[in-house]
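2 protein chains.
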Amino acid sequence: MQKPAFCRAENRFVAEGVKLCLDAAGSGLAMETVYYTYKAEKRWPQLLELPCEQLRISEPVAEKLSGQKTPQGVFAVCRMPEFGLAEADPAGRYIALEDVQDPANVGAVLRSAAAFGFSGAILTPGCADPFGQKVLRASMGAVFKLPVFETADLAGELRRLGAQGAQTLAAALRGAQDLREIRRSGGGLALAVGNEGNGLSAEVIAACSAVVRIPIRAMESLNAAVAASVLMWELGGRRDG
Amino acid sequence: MQKPAFCRAENRFVAEGVKLCLDAAGSGLAMETVYYTYKAEKRWPQLLELPCEQLRISEPVAEKLSGQKTPQGVFAVCRMPEFGLAEADPAGRYIALEDVQDPANVGAVLRSAAAFGFSGAILTPGCADPFGQKVLRASMGAVFKLPVFETADLAGELRRLGAQGAQTLAAALRGAQDLREIRRSGGGLALAVGNEGNGLSAEVIAACSAVVRIPIRAMESLNAAVAASVLMWELGGRRDG
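Protein chains in written order, with the working numbering: chain R, 23 to 263; chain X, 23 to 263.
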């Protein structure tokens with residue numbers, strides 16, 4: 023149970039809490055070790071059935087390890103699923119996030135993407151770590167169900183998907199096209215949403231085939247996770263949810 | 023600049039940061055005192071023009087007062103807008119939140135409600151304080167533009183609005199009606215969304231004329247702010263945004 027940076031380098035992540043741990047195991051992810059307290063074992067005897075190494079920990083250790091105020095005393099070290107961007111299917115539907123920093127926003131977007139039947143998420147390194155504790159928690163385990171790709175060249179990836187026939191849309195406050203007027207091409211889709219304060223970079227906007235805006239009034243903008251989710255609902259979930 | 027509970031009792035709240043303070047002043051809210059540091063005054067000379075008492079504070083005081091990691095050194099004490107639920111217009115569109123506890127969720131919902139042209143928000147006392155620092159920040163000042171009503175009897179309010187002709191919809195994971203099948207009655211609308219973990223109470227669900235679900239797959243639920251925003255988009259913003 024090492025520091026996040028070490029975990030990343032080793033392609034491991036830590037899931038905390040009984041629901042996330044059971045979800046991770048249920049999703050077929052390779053789980054290496056599950057750690058639980060005596061209390062947790064009594065409360066959730068199904069932990070004993072997890073097909074991996076099991077280690078009992080004391081309450082003080084659980085408190086030390088936990089990122090929660092009231093820890094459940096259950097942790098699992100899992101191997102990260104490995105996706106390469108070469109695997110992203112140009113006929114699929116993707117949500118791309120550029121430097122979305124708030125873990126609650128990244129988690130909520132991944133949760134919506136899985137719920138609205140998207141094929142995956144593409145994140146830049148400036149986004150909150152999708153396997154960090156806060157994102158895992160906010161995503162309610164969506165990362166166990168949704169492929170998450172990381173790329174330092176989001177503009178290049180969008181151009182590649184576009185060249186292979188995907189419709190690539192950049193979300194911007196002053197986008198040329200009203201969301202309600204977007205006609206889906208019938209092929210793949212990549213929707214790009216930018217940083218909370220600054221939106222998408224000019225480079226990513228230029229890499230997309232169209233720039234879309236959600237029609238709003240009174241406010242300057244929506245919360246980033248809300249904006250991404252309304253776009254995904256309108257262009258995905260709404261049509262075939 | 024007192025503790026939140028004192029502020030509430032006195033019908034005052036504190037806005038922090040230059041954008042929120044200027045938004046509050048611009049919205050016509052009664053501002054009593056603005057506090058700023060020497061640095062803030064040099065950086066934002068428009069603070070000097072605010073029509074209220076002005077007080078210079080030192081950097082250490084600003085740091086002590088601030089809820090932020092990097093305070094801007096600008097604070098304003100404002101009078102809370104006073105709304106009574108008797109004023110809620112049965113021909114208007116309302117989002118009702120029952121015990122939504124996360125301030126980021128409450129803030130994002132208020133922001134979406136203002137952006138999608140809703141008439142107001144109805145909150146139970148179990149919701150995060152709409153005039154607390156975290157909600158103010160997450161709402162991007164939406165509370166200055168959107169009437170926020172509080173009621174301990176949400177079911178009663180929904181029944182009252184329904185009796186006066188409003189369409190009252192409860193959001194639930196296993197709602198009988200798919201969101202896409204909802205026909206608007208043409209009159210007022212009240213949409214109720216519940217607590218992050220438990221959803222709406224049976225009492226509030228029973229007070230509504232229909233129970234609606236957002237069609238999703240793979241996940242058990244959406245983030246509460248996302249769910250409320252998708253509902254508001256579909257039944258409000260999308261139709262006349």
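Certain hints may be false.
The list cannot tell twin chains apart, which means a pair is met if one copy fits it or any two copies do.
[To be verified] In silico lysine-lysine, DSS-like type, Cα no more than 30 angstroms apart, as pairs: (1) K91 x K64; (2) K64 x K167; (3) K156 x K86; (4) K91 x K41; (5) K64 x K41.
Calculated directly from the structure, the hints in this document are not laboratory data.
Taking the hints in turn, this is what the structure says about them:
With identical chains, the CA atoms of K91 and K64 are at most 30 angstroms apart within one copy only, with a shortest distance of 21 angstroms there and 41 angstroms across copies. When the C-alpha separation of K64 and K167 is checked against a cutoff of 30 angstroms, the pair qualifies only within one copy, where the shortest distance is 28 angstroms, while the shortest distance between copies is 51 angstroms. For a Cα distance limit of 30 angstroms, the shortest separation of K156 from K86 qualifies both inside one copy, at 16 angstroms, and across copies, at 27 angstroms. When the C-alpha separation of K91 and K41 is checked against a cutoff of 30 angstroms, the pair qualifies only within one copy, where the shortest distance is 16 angstroms, while the shortest distance between copies is 32 angstroms.
In the homo-oligomer, the alpha carbons of K64 and K41 lie at most 30 angstroms apart inside one protomer (15 angstroms), although the nearest pairing across protomers, at 51 angstroms, exceeds that limit.
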